[in-house]
Amino acid sequence: MSAPRTEAFLWVAQRATAAFLAVFVLVHLATIVYAVRGGLTAAEILARTHASPAIPLFYGLFVLAASIHGAIGLRTIAGEWLAWRGRSADAAVALVGLGLLALGLRAVVAVTA
Amino acid sequence: MTQASLQPGLLPEREGEVLRVEVWRGGAEGAFQGFEVPRRASQTVLDVVTHIQRFLDPTLAYRFACRVGMCGSCAMTVNGVPRWTCRTHVDKVARDGRLTLAPLSNMPVVRDLVADMREFFDKWARARGQFVPTRTRDEEFARVDPRSAERREADAAIECIGCGVCYAACDVVKWNPEYLGPAALNRAWTLQSDVRDGAHAERLEAVTRDSGCLSCHTHMSCTEFCPKSLSPTRSIAGLKRQGLWALLEGSGAKR
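Chains as they are written, first to last, in this note's numbering: chain U, 1 to 113; chain V, 1001 to 1255.
Just chain U, same shape as in the assembly:
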């Protein structure tokens, strides 16, 4: 059993990141729908993603929220569906979260740097 404070923190973190993700996804989709009107080429997309420092910031936060949200969600699924709880499960989902973060940030850097 982990401490009540940790559980409450993870619970809040998952809901808070869910709220951010809802906004991020809407902005992301709206931007795509708007942007493809100018043509869907790699050059056009890269020109857009290099256009503003807001783009890496936006997608950096998006990736951070997704990896936190996903890792906490996987922790719940591991506990309820696989009966996998405790330190080993926490460590495994933390690794998955860090992996998602690394892959996501690598992609963000690739298209914005």
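Among these hints, one or two may not hold up.
Reference listing, derived: stretches of chain V covered by chain U, where coverage requires no fewer than 3 residues with Cβ under 8 Å from a Cβ of chain U [stated by the list, open to error]: (1) 1169–1177; (2) 1210–1216; (3) 1236–1245.
Hint data in this document are derived by calculation from the structure and do not stem from the laboratory.
We treat Cβ as the ideally placed atom computed from N, Cα and C, and that holds for glycine.
Please arrange chain V on chain U, whose structure you already have, making use of the hints.
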């Protein structure tokens, strides 16, 4: 006339109508056994079980006490759904003249229709379901205005009879046997709303641990099946809210 039709307090049998009942026999390992029970007017599922035990097979184990929806002893799985059997009319639940009766889910089976409720009630204790007084017997009675918000909040969840129907219906209990469950958390919320209680911080800590209120997925099966029409989901939401505020205030669950 059959022996059963002479029993005092029973309404007459409906001529020619028979209920086919499949009843779970045995413990965790067992099988359904079929019985035929005469239909009566206003017959409850508990009446059916009692008929079987008295007239067809005296070895059938089941549990009941008050027969009027107060004690919470007689809950069983009726056609796959957890129900209080003393207040469930056969007319409402029988399908094509058939009933399937099993012990409550999410609890070990003792025998036949009797489920072991120890873990269910132990969780009430783990959720700090006991009232902790803040006054002694030498002091004045606490005066709680029945119209006050706190009193109304406590009222909303206080009529629980501990039948275990919500616990048997809960998916989270099924997935995580450690989960405290709707009834224990509902009890905790009643006490968290009780202005006379002196253990709010300790109780909040007990219910926001792993497998506490934060594990609830808000499937609302407890609210759907509660025979007293309570909403444990609402109580659990209240506990989550308190846990959130305790965290935001920086005091952890120590509030």
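To see whether the hints hold, each was checked on the structure:
Counting residues of the region 1169–1177 of chain V whose beta-carbon sits less than 8 Å from any beta-carbon of chain U gives 3, enough to reach three: the coverage restraint holds. A count of 5 residues in the region 1210–1216 of chain V with a Cβ less than 8 Å from any Cβ of chain U is obtained; the coverage claim is therefore met, three being the minimum. Counting residues of the region 1236–1245 of chain V whose beta-carbon sits less than 8 Å from any beta-carbon of chain U gives 3, enough to reach three: the coverage restraint holds.
This entry satisfies every hint, going by the numbered hints stated previously.
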